[in-house]
Amino acid sequence: MTESEFEPNIIVFACNWGGYPAAKMAGKERAKYPPSVKIIRVMCGGSVDMGILMQTLERGADGVIIAGCEEDRCHFKSGNAKSMEGVDRLKRLISILGLDARRIKVLRMHPADGIGFAEKISEYVEEIRQLGPIPKMISERPRTATLESVQKDIEDLTEDTGAFRCVECGKCTGVCPIPKFEPEYSVPRMKVLLSADGIAEHLAEDKDIWLCTTCGLCNSMCPFKVDYCGFIAGLREGARSLGHQPTCAHKGVIHSSIRVMANSNLTQNRLQWVGNDLRINEGGDVFYFVGCIPHLEAVFSKRELRLPNIPTAVVKLMNAAGVVPTVSNDEKCCGHDLLWTGDENNFLKLMDKNLELIKKSKAKKVVFSCPECYRTFLVDYQDFEGDLDFEMMHVTEYLDDLINAGKLNFPEIDEDISVTYHDSCRLGIHLEVTDPPRRLIEAAGMKLFEMENTKNRSYCCGNCAWTNCSSTTMKMQLARMKEAKNTGADYLLTSDPKCQIHLSCAISEELPIERELVEIPIKDIAIALAELLEANQCKQYSIGTEKSTCNMDSS
Amino acid sequence: MEESIEMEEDKAEGNSGKVVVYLCECRGEISNHIDLKSASERISQLPFVGSVRIHEALCSEEGRSWLRNDLKEHSGQRAVIGACSSDIQQNMFARELEEAGLNKYLSEQIDLRELCAWVHPEKDKATDKAVSLINGGIRKIITLEPAEDLTFSLEQATLVIGGGLSGMWAALQIAEAGVRVYLVERTGVLGGDAATADMISRVAEPGDSEIAIPTTDDIHRVKEIEIFLNSEVEEINGIFGNRKVKLSTPSGMRKLSVGTIVLAMDQGFLEKSKKVADMLSIVIYDKSAMRIDEISSALNNRGICVIEFTGDHGDVVSSIEEAKSTVTQLIKIMRDGTVQLPRIIAKVDEWRCRGCGRCKEVCEFGAITLVKIEEDEQIAKIDEKLCEGCGSCTFACCNGAMELTVYGADQMMENMIGMIEVVRS
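Line order of the protein sequences matches chains A and B. First residue of the first sequence: 1, per the working numbering; consecutive thereafter. First residue of the second sequence: 1001, per the working numbering; consecutive thereafter.
Please note: incorrect hints may appear among the correct ones.
[As the list claims (entries may be wrong)] Mimicking DSS-like on lysine-lysine, the simulated pairs with C-alpha atoms at most 25 Å apart in a straight line are:
id, chain 1, residue 1, chain 2, residue 2
1, B, Lys-1123, A, Lys-120
2, B, Lys-1125, A, Lys-207
3, A, Lys-32, B, Lys-1125
4, B, Lys-1125, A, Lys-136
5, A, Lys-365, A, Lys-349
6, A, Lys-207, B, Lys-1381
[Said to hold, decoys possible] Some chain B residues well away from chain A (every beta-carbon gap over 12 Å; in silico):
id, residue
7, Gly-1028
8, Gly-1050
9, Lys-1223
10, Glu-1224
11, Leu-1229
12, Ile-1239
13, Met-1253
14, Glu-1322
15, Asp-1336
16, Arg-1352
17, Asp-1383
To be clear, the hints were calculated from the coordinates, so they are not data collected in a lab. We put the CB at the ideal spot given by N, CA and C, even for glycine.
Isolated chain B, as found in the complex (with noise of 0.2 Å):
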C-alpha cells in the first residue's frame, strides 16, 4: 500500500478543508513534559493541517472563549484539540465548537495528558510520541462526516429496582425533585435487612447522624412514590427513555413505562442482582478503591444507573456521598425531559448488503432486521435508538456493507496509518 501524500492533500483540498489543531499545556501537566513548541512545528508540516496553536489552559473560562474565537476564524473546517482525555459524551469542547460553527462530530480530543504526558518520562519520546497521535487523530477526522446527536426523550417516571436502603434514598431523592417513582422490593418489607441496619449503626462522624438516612415513613409520606412489595421484575424492554417494564406483584402483572432505572444494592445484593443486571445488560463491578462513575452512570448505560450501599464504605454517610453524583446525574436528565447522546451507531450501505443476516444473528440489541425490498431481495435495517453502536455487526458482515459511525473501520485504519507513518519517518 503505497499513498502519495501529495495526491491525498489534494483531495482534503477540495472535499474537507484544512485542519486545525490546538495544544493544550493543561498548565505545565502536559508543557512539562511533551515540547508542545517542538511537536506544534512538526505537527504544521504533517498533511492537512492548517495551523497548530498552543495555549495555556483550554477548559478554563479563557482558555474557552479564545478557543470559540479562533476557531471562528476556520470556520467550516476541522479540529484535533491535543489536551486531557475527553469523555466521549460530555465533550467539553462541544459548545465551543458548534458556537463556532463548526460540527462536533468533525473534531476529536487527543488524549495528550493521561495516555502521554503523564506516563512517559523521557521527553523526546513523549514528544515524538505525541506527535504521532495527533497525526493519527488527523488522518481519522478526515474520514468523518458531519452528524446530529440522538435525541431521546424522556418518559417521566423512573424504576427504582430494590427496596432497601439505598433504594429508600434514592427514590426520596428523585421523588422530591418532582419526578414520578416506582419501587420494587422482591420482600414484604422496605429498609433491607441484619446486615443493613448494622450499617446504619455505624455513623462515621458525630455529626453525620444528622444527614437524613431514610426511614420507611418517609417513603410512605411521599406521593409520587408508589410501592410494589413482594415483586419482581420480570421484563424489560424498549429504548433508551422509554422503557417497557413488566413487574409480577401479589395482585397479578404490571406494565410500566419508564424513561430511567435504578438498580439499588444493598450489602449483599449482588448475587440476587444478576439476573435484573442481565436484564438491564449492564456490567455490575465489585466496589473498588477508585469511583467508576463511568460505568454506573445512567447517561452512560442508556438510562439505566447502579447505586452501592455496602459495608465497603464503612457506614451509610460514605455510601451516600458517593451515590449522590449519580443520581444527581439522573435528576437533571430528567428534568430536562430529553437527553442527547452521541449518534455512534451501526449504518447500512444497502447497496452492499445482502441481506445475509449475520449481523442480525451477532445484534444482541435486537437493533437489526432484515426487511424484503423486492421479490429475491432483503436488506439489514438498524433500528437507531436500540443500537449501542458496540459494531459487532460491522465485524459479523464480511462485505464492508455495515459501518460504524465515528469509530469504525475506517476511522480505525486512518488512525492506526497516522500513527506508525509518524514513527516510520
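Excised from the complex, chain A in its bound form (with noise of 0.2 Å):
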C-alpha cells in the first residue's frame, strides 16, 4: 500500500457534551474531514477506559481519539481530567509494546466549534498517515465449534487430565480456599462429575470455572494424581470457544496487551529499568527472563509499587556474584494469562516466538523471578515442545545456588529483620520450590516467622489472570494478609510479582475490617535481598524505609 492509498482508520469517543455536539457542529457548517473517522458517543472522556482504548488499536484503528471538553470546562466537573491520567499510563504501556504513541490522542472540544473539529480530526488523520498504517494484529481463525465438538473435547480433557480416575474422596474439596469464603462455589470436582452429563450445554454462563484461583492445592491433595486445574482451563478453552469472554480486570487492557505481544513483530521497548550500574549481556550462558514488570509497571504506575525495582535488585545480585546474565529486549510475555483464560492459539505464537529467542541467545539456564514464566516454561513449554535443552530455575534457587558455591556471601546484620514468606501458588504448590527461598532469608540474616498456611499448602493471593476480582477473592485476600499481620513480621516477602500486586491491592483502599488488622508492608524478596547485601557495602542500613539510604529506586 503506497502512502497515498493509506486511509488511516481513526474511531472517535466523543463525549456527549463538548467533542459530539462540536462534531454535530461541523455537520451543519458542512466542515469536511476523512470519512475514515468514525465517532462513537459517549457520556464523559472519563468513562473511556484503557482497556477500550487498548483494543481499538489492537482491533487495527490506526489511532484512537477521545474528544472531550476543554480545560475546566467538563460537565460532569472533571471528567476530562480523570481520562487524562489514564491516557498517559496507556501511552507509556503501547509505547514498551514498540506502537507509537501519537496514536492515541485526546482532543478538547468547544460544542459549537464544528470547524476547529474538522480541522483537528483532518491533522491527526495527516499525522496518522504519515506514522503509517498499524501492524494488523487480530489473527482471523472461523470459529468451527459446536457444543458436540465442545463436549467431545472435554471428554478427551478428562483422559488428558485423568479426571477419570476421580473416586470423589473429596480431599480435593476439603482444601479447596474458594468454598471458605463462598459457600455456593462449585469445586473442580464437581465439574468432572458435571462433565459427563454433558457440562458443554451451560459452559457458556458457568461463572465457578472463572472463579478458581488454580491454586492446585486439589492437584497436591489428590491420590489419584488428578490434574483439576489443567482440567479447569481446558473448560475455560472450551467456553471461549462458545463464545465466552472472561471479565478481565482492568478492561482488559493487559490481555490485550499480550496479545498484541503474541500478533506482532514490533521493535519493543522493555529495557528502560535498566539503570548505568547493571551489567548485561546480550547473549551468555545465563539468561534472565524478566517477563512482563515493565507492562504492568505501566499499568500500575499510579499504585506506586516500584515493580522495576524487581529485576533491578536480581541483576545485581547476580552482578555481585560475578555474573553477567543475559536481558533481551525481544522477550514475549510468557503466555501464562492467555493459557489459564482460554486461548491456547495466542499462547502458542508467544511460546514459539520465546524459545526461538532463547535458542539464538544460546542460554544454558534461563532464570526467572515471576513464578509463572518459571512454571509456563517449565511444564507447559515442555507439554508442547517436549524437553527444552536449558535449565530453567526460579531466581531464589539460583540465587540459593549461588550462596552454596561461595559467589554470594551475606555479612552479618545487627538490626532485627523480621519477615514472613508467601509462597505464591505457582513455586510452592504447583513446583514446590519452598526451601531455597527460606534458605536465603536465613542466609541474608532475617528472621522468618511462618505464616499458617505455607509451602504446598499455602493459601493464593487470589487472582490469576486477571479473572478472579471479585468479593470472594477479596476476602480471601484479606483474609490471607491477616495471617500474615498476625505473625508480628515487620515484612510480608514475596516471590511472585502478581502476588505482590494483588495482595496489595486488596489492602490499598478502604476495607471493611480495621486497618491495623491486614496491613503489613510487602516486599518482593530479591529487593530485601538486595538491600541487605548493599547495605553492608554503605555501612548503613534501615532496610525498607522509605528513606532507604542505598535506594533500589531505579526511577
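Take the two lone chains, each set in its own frame, and fit them into one complex as the hints suggest.
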C-alpha cells in the first residue's frame, strides 16, 4: 500500500457535551474531514477506559481519539481530567510494546466549534498517515466449535487430565480455599462429575470455572494425581470457543497487550528499567527472563509498587556474584495469562517466539523472577514442545545455588529484621520450590516467622490471570493478609510480582475491617536481599523505609 | 480475539431477536450523499439484521405513523434508525417506539446526516462509512437491556440567582406561569448597574421598545415572587427537582426547597458567578456565535439553567429573544410537575464489587456510598437520583464491577468492533 492509498482508520470517542456536539456542528457547517474517521458517542471522556482504547488499536484502528470538553469545562466537573491520567499510562504501555504513542490522542473541543473539530481531526489523520498503518494484530480464524464438538473436547480433557480416575474421596474439596468464602462455589471435582452429563450446554454461562484461582491445592491433595487445574483450563478453552469472554480486570488492557505481543513483530522498549550501574549481556550462558514487569508498571504506576526494582535487584545480586546475565529486549510475555484463560491459539505464538529467542541467545540456563513464567516454561512449554535443552530455575533457586557455590555472601547484620514469606501457588504448590527462598532469608540474616498456611499448603493470593477479582477473592485476600499480620513480622516477602500486586491491591483502598488487622508492608524477596547485600557495603542500612540509604529506586 | 459471526447470530436468535434497521433519506439531505439502496443491501447481510427499510422523511407526520406501523410488525425486537442527530433526552422516535411495543432503550439512532452525509463529499466512501456506523449501532444495541426512565418530581418553586435585568425578566415569566419564585440579589437593588442601563437604552428597532422590559415595579407587584436583597447563595444540595438551598440574608440564614434554578447573568456577571457555577457544577460558556441551548437548558443540567443578557447581543430585546426558549422549557417542566430523564447511570455488580471505594473517591456528585453487608464485606451502592451518569466510577473500578448503563464499556467495545469489522471486510 503506498502512502497515498493509506486511509488511516480513526475511531473517536466523543463525549456528549463537548466532542459530539462539535462533530454535529461540523456537519451543520459542512466542514469536511476524512470519512475513515468514525465517531462513537460516550457520556464523558472520563468513562473511556484504557482497556477500550487498547483494544481499539488491537483490532485495527490506526489511531484512537478521546474528544472531550475543554479544560475546566467538563460537564461533569473534572471527567476530562480523569481520563488524561489513564491515557498517559496507556501511552507508556503501548510505547513499551513498540507502538507509537501518537496513536492515542486527546482533543479538547468547544461544543460549537464545528470548524475546529473538522480541522483538528483532519490534522490528526495526516499525522497518522505519516506514521503509517498499525500492524495487523487480529488473527482471523473461523470458529468451528459447536456444543457437540466442545463436549467431545471435554471428554478428551477428562482423559488427558486423568480426571476419569476421580473416586470422589473429597480431599480436594476439603482443601480448596474458595468454598470457605463462597459456600455456593462448585469445586473442580464437581465440574468433572458434571462433565459426564453434558456440561458443554451451560459452559458459556458458568461463573465457577472462572472463580477458580488454579492454585493447585486440589492437585496436590489428590491421591490419584488428577490434574484439576488443567481441567479448569480446558473448560475455559471450551467456554471461550462457545463465545464466552471472561471479564478481565482493567477492561482487558493487559490481555490485549499480551495478544499484541503474540501477533506482532514490533521493536519493543522493555529495557528502560536497566540502570547504568547494571551489567547485562546480549548473549551468554545465563538468560534472565524478566517477564512483563515493565508493562505491569505502566498499568499500575499510580499504585507506586515500584515493580522495576525487582529486576534491578535480581541483576544487582547476579552481578555481585560475578554473573552477567543476558537480558533481552525481544522477550515476549510467556503467555501464562492467555493459557489459563482458554486462549491457547495466541499462547502458542508467544511460546514459539520465546523459544526461538532463548535458542538464539545460546543460553544454558534461564532464570525467572516470576513463578508464572517459570512454571509456564518448565511445565507448559515442555508439554507442547518436549524437553527443552536448557536448565530453568526461579531466581531464589539460582541465588541459593550461588550462595552454596560461595559466589554470593551476605554479611552479618546487627538489626533484627523479621519477615514472613508468602509462597506463591505456582512456585510453592505447583512446583514445590519452597526451601530455597527460606534458605536465602536465613542467609541474609532475616528472621522468618511462618504463617499458618505455608509451602505446598499455601493460600493463593486470590487472583490468576486477572479474571478472579470479586468480593469472594477480596475476602480471601484479607484473610491471607490477616495471617501475615498475625505473625508479627515487619515485612511480608513475596517472590511473585503478581502476588505482590494482588495482595497490595486488597489492602490499598478502603477496608470493611480495621486496617491494623491486615496492614503489613509487602516487599519482593529479591529487593530485600539486594538491599541487605548493599547495605553492608554502604555500612548503614534501614531496610525498606521510604528513605532507604541504599536507594533501590530505579526511577 | 477471533469471534465466529455464525456463533453469535445463534445467540441472537435465542436471546435478543433480530434488529430492524430504518434509513431515512431526510428528503435528500442524506440520500443525496449516501447511496441508501446500496447501503441497505449491505446492511441486510450483516449479522443480527432482520430487515432494512428506507423512508423519505421519518420525522414527518406521515413518516412517524409509517414507522409506528412498521415497528408494530416487529414488536419485541430492536431497532436502529439511521437519520439525523438525536438528542439523547428528547429522543424523537421514542413515542413511536413505545406505541409499537418496543422499549426505547432497545433502539439506537445513528447520525448519518451530521456525522456522515454532510461532511463527506465522496459518495462511495460516505456509503461505506454509513454501513459501518450502522453496524456499530447494531452491535451496540444487542448488548442493551430494556429499561425505564428515571422520574423526578419537582418542587413547585424556582430559585432565580441574580436580580439584574435577566433575573427580573426570568422571575416575571416564571411567576406569571403560576410558579413560586425566589429571587436572590447580592446587592441592595434590583435592575442591575450602569452597564445594564446602557443596554436597555440600546433598542435595535423602533417597535422593540414595546416589548416588556421589566421594571422593579413589575416585580414588586407579583406576589409569587419573594425577593432577597443583600443576600447570597451559600450552599446548594439535594437532587434534581428537590434542591436544598441555603441563603445568607440580612435577617439570617434561610433554607429553601426548589425544583429548578435559574442562573441569571447580566453583563459582567461572569466573574462574580464562578462560585455559584461551581456550586451548581455547571459550565458557563462565553457567548459564541451559535446558540447552544443544549448546554444551558434545564433539562440537560438537572434543573439548572443559565440565561445571559450581555452586550454581545447588542441590545436587550435580542437577549430576551435568546433566553425565551430556555425559560419556556423550564416553565413547561415545572408545570408538568415531574420530569423523565434517560436512565444513564452507574450500576454495581454486587458480587464483583470488592468494596475498595475507588469509585467513591472519584465520584464528584456524592452518589456512591460504601455499605457494610457482612462482618468482612462492604460494597458500593449508587444513589440513582444523585448519579449524573458520567462514568468516572466505571473507569476507577478496575474490576468491571461498576458499569454505566446504555453508554458503558460493553457498549463502547461492541460499537467499536462493529465499525472496524466492516472496514476490515
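Status of each hint after checking the structure:
1. As the CA atoms of B:Lys-1123 and A:Lys-120 are separated by approximately 23 Å, the hinted pair is consistent with the 25 Å bound.
2. For the suggested pair B:Lys-1125 and A:Lys-207, the alpha carbons sit about 44 Å apart, so the restraint of at most 25 Å is broken.
3. Simply put, A:Lys-32 and B:Lys-1125 have alpha-carbon atoms about 13 Å apart, close enough for the 25 Å limit, and the pair holds.
4. Under the criterion of a C-alpha separation no larger than 25 Å, the hint pairing B:Lys-1125 with A:Lys-136 is consistent with the structure, at around 22 Å.
5. Straight-line distance between C-alpha atoms of A:Lys-365 and A:Lys-349 comes to about 22 Å, which keeps the hinted pair within the 25 Å bound.
6. Among the hinted pairs, A:Lys-207 with B:Lys-1381 is consistent with the structure: their alpha-carbon atoms are about 23 Å apart, no more than 25 Å.
7. With a least beta-carbon separation of about 15 Å from chain A, B:Gly-1028 lies farther than 12 Å from that chain, consistent with its non-interface assignment.
8. Non-interface call for B:Gly-1050 relative to chain A: holds, since the shortest CB-CB distance, roughly 21 Å, exceeds 12 Å.
9. The beta carbon of B:Lys-1223 sits about 37 Å from the closest Cβ of chain A, which is more than 12 Å, so the claim that it is off the interface holds.
10. With 12 Å as the threshold on Cβ separation, the claim that B:Glu-1224 sits away from chain A holds: the shortest Cβ distance comes to roughly 32 Å.
11. Against the 12 Å criterion, B:Leu-1229 stays outside the reach of chain A, whose nearest CB is about 31 Å from its own CB.
12. At the 12 Å boundary, the C-beta of B:Ile-1239 stays outside the reach of chain A, the nearest C-beta of that chain being 16 Å off.
13. Residue placement check: B:Met-1253 keeps its beta carbon more than 12 Å from all beta carbons of chain A (closest about 26 Å).
14. Every Cβ of chain A is farther than 12 Å from the Cβ of B:Glu-1322; the closest lies at roughly 14 Å, confirming the non-interface assignment.
15. At roughly 24 Å from the closest C-beta of chain A, the C-beta of B:Asp-1336 stays outside 12 Å, upholding its exclusion from the interface.
16. At roughly 5 Å from the closest C-beta of chain A, the C-beta of B:Arg-1352 falls inside 12 Å, breaking its exclusion from the interface.
17. For B:Asp-1383, the non-interface assignment is confirmed: its Cβ lies about 16 Å from the closest Cβ of chain A, beyond the 12 Å cut-off.
Hint violations for this structure: numbers 2, 16, all remaining hints satisfied.
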